[in-house]
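Construct all of the structure, not just a fragment, from the sequences and the given hints.
No gaps in the numbering here: position 271 of the sequence shown is 307 in this note's numbering, and each next residue is one more.
Hint data in this document are derived by calculation from the structure and do not stem from the laboratory.
Hints should not be assumed to be uniformly reliable.
Result set (DSBU-like, lysine-lysine): computed pairs, CA atoms no more than 35 Å apart in a straight line [claimed, not checked]: (1) 40 <-> 242; (2) 90 <-> 232; (3) 232 <-> 40; (4) 242 <-> 90; (5) 242 <-> 232.
Label-pair ranges, simulated between beta-carbon atoms [to be verified]: (6) 230 <-> 69: 32 to 38 Å; (7) 223 <-> 166: 20 to 26 Å; (8) 283 <-> 316: 30 to 36 Å; (9) 332 <-> 125: 50 to 56 Å; (10) 171 <-> 230: 29 to 35 Å; (11) 133 <-> 206: 41 to 47 Å; (12) 103 <-> 176: 36 to 42 Å; (13) 235 <-> 127: 26 to 32 Å; (14) 316 <-> 235: 46 to 52 Å; (15) 216 <-> 74: 44 to 50 Å; (16) 216 <-> 308: 34 to 40 Å.
Backbone N, C-alpha and C fix where the C-beta goes; we use that ideal spot for every residue, glycine too.
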Amino acid sequence: MSIKILSDFDGVWTNQAFEAEHVKLYVAAEAARLADIDAERARSDFLHFERAVKSTPERFGWAPDGRITAYVDEDPFCEPNSITSYIDSERDDPRTHVYREAILDSGFATLTAFGDHCFHAATHSFRREHPPALVPRAVLSLEALRRAGAEIVVVSNSPPEKIIGWFREAGVDAGERATHALRVRGSAGKFLLGPKGDSITVGGRKIVVDRPRYAQVIEEERPELVVGDVFSLDLALPHVMRMQGHPAAPRELVLRRHGHTPSWVLDTRADGAIDRIIDDVADLLAVVERRRETQRR
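Written out as structure tokens, the structure is:
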């Protein structure tokens, strides 16, 4: 009997810090261009904005509709959007004024729209300029997991062409059909929040778990394990589904730990929601083997 794993992509099969830094630099450069600010001043200003955001991480994150879908200290990819949110909201910080006015005057309806534009443009340019950033043992780990009887489905907010392209360049038969060795469900909308706004509190943080697009994926796939590196985006909803006894809920939740993973997630394993913590995708093999041993009993 196979074990189905629903796995995130960025931060599980990649180390996303380099790409996230590329996005952050793109945001700063584009804002400086629109505001006609020289590079040295912009660098100083954006380091100031970043320090301010990281000093109060409970206030900032990726908030596409105004509600935080993941916090800034959970994922380096949340930093650029958090900085644009700071520029938008912190009217008492005089350094924000010139950037906010220039961005809005250039035609962007909101600072969020500007941040989203920069994110997509920067990630596209990163893919053009850099080779796939898969973790070193990604392919060997995939092969070992398949031999152990695991079926892996990569479910990510990233577009499918990015995920499929990176895996195929590494020699992995990845695609959106079930016939592929690695099935991919990109643009999955894990970050999209529903109108009900149901939430839980973990480590003092409010996490919205009304995520209808992601819930639909879980209901369709019915995984045994869910693996992710960002608790709010990847693991909070399946945790709640499991608590509620949902028939499609996974048996185990696995967090891939990074140096940036926040203490409010790690110290209590998100108040007991996380079953396993791994530091590399290669560690998944031991998780699968334990799961298979449990099935045999």
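Hint check results:
1. Pair hint residue 40 plus residue 242 holds up; C-alpha atoms about 29 Å apart against a cutoff of 35 Å.
2. Proximity of residue 90 to residue 232 is assessed by CA-CA distance (about 29 Å); at most 35 Å being required, the pair is judged to hold.
3. With a CA separation close to 29 Å, the supplied pair residue 232 and residue 40 stays within the 35 Å bound.
4. The hinted pair formed by residue 242 and residue 90 meets the criterion: a straight-line CA distance of about 17 Å does not exceed 35 Å.
5. Taking the CA atoms of residue 242 and residue 232, the gap is about 14 Å. The hint holds against a cut of 35 Å.
6. Between residue 230 and residue 69 the C-beta distance comes to about 36 Å, which sits within the given range of 32 to 38 Å.
7. Checked against the given bound of 20 to 26 Å, the beta carbons of residue 223 and residue 166, roughly 21 Å apart, stay inside it.
8. Checked against the given bound of 30 to 36 Å, the beta carbons of residue 283 and residue 316, roughly 32 Å apart, stay inside it.
9. Residue 332 and residue 125 have their C-beta atoms about 54 Å apart, which keeps the hinted 50 to 56 Å range intact.
10. At roughly 32 Å, the beta carbons of residue 171 and residue 230 sit within the given window of 29 to 35 Å.
11. Between residue 133 and residue 206, the C-beta spacing of about 46 Å keeps the proposed range 41 to 47 Å intact.
12. Checked against the hint of 36 to 42 Å, the pair residue 103 and residue 176 passes, with Cβ atoms roughly 40 Å apart.
13. A beta carbon spacing of about 27 Å between residue 235 and residue 127 agrees with the range 26 to 32 Å that was offered as a hint.
14. Checked against the hint of 46 to 52 Å, the C-beta distance between residue 316 and residue 235 comes to roughly 31 Å, which is inconsistent with it.
15. Checked against the hint of 44 to 50 Å, the pair residue 216 and residue 74 passes, with Cβ atoms roughly 49 Å apart.
16. Judged by the Cβ atoms, the range 34 to 40 Å given for residue 216 and residue 308 holds: they are separated by roughly 35 Å.
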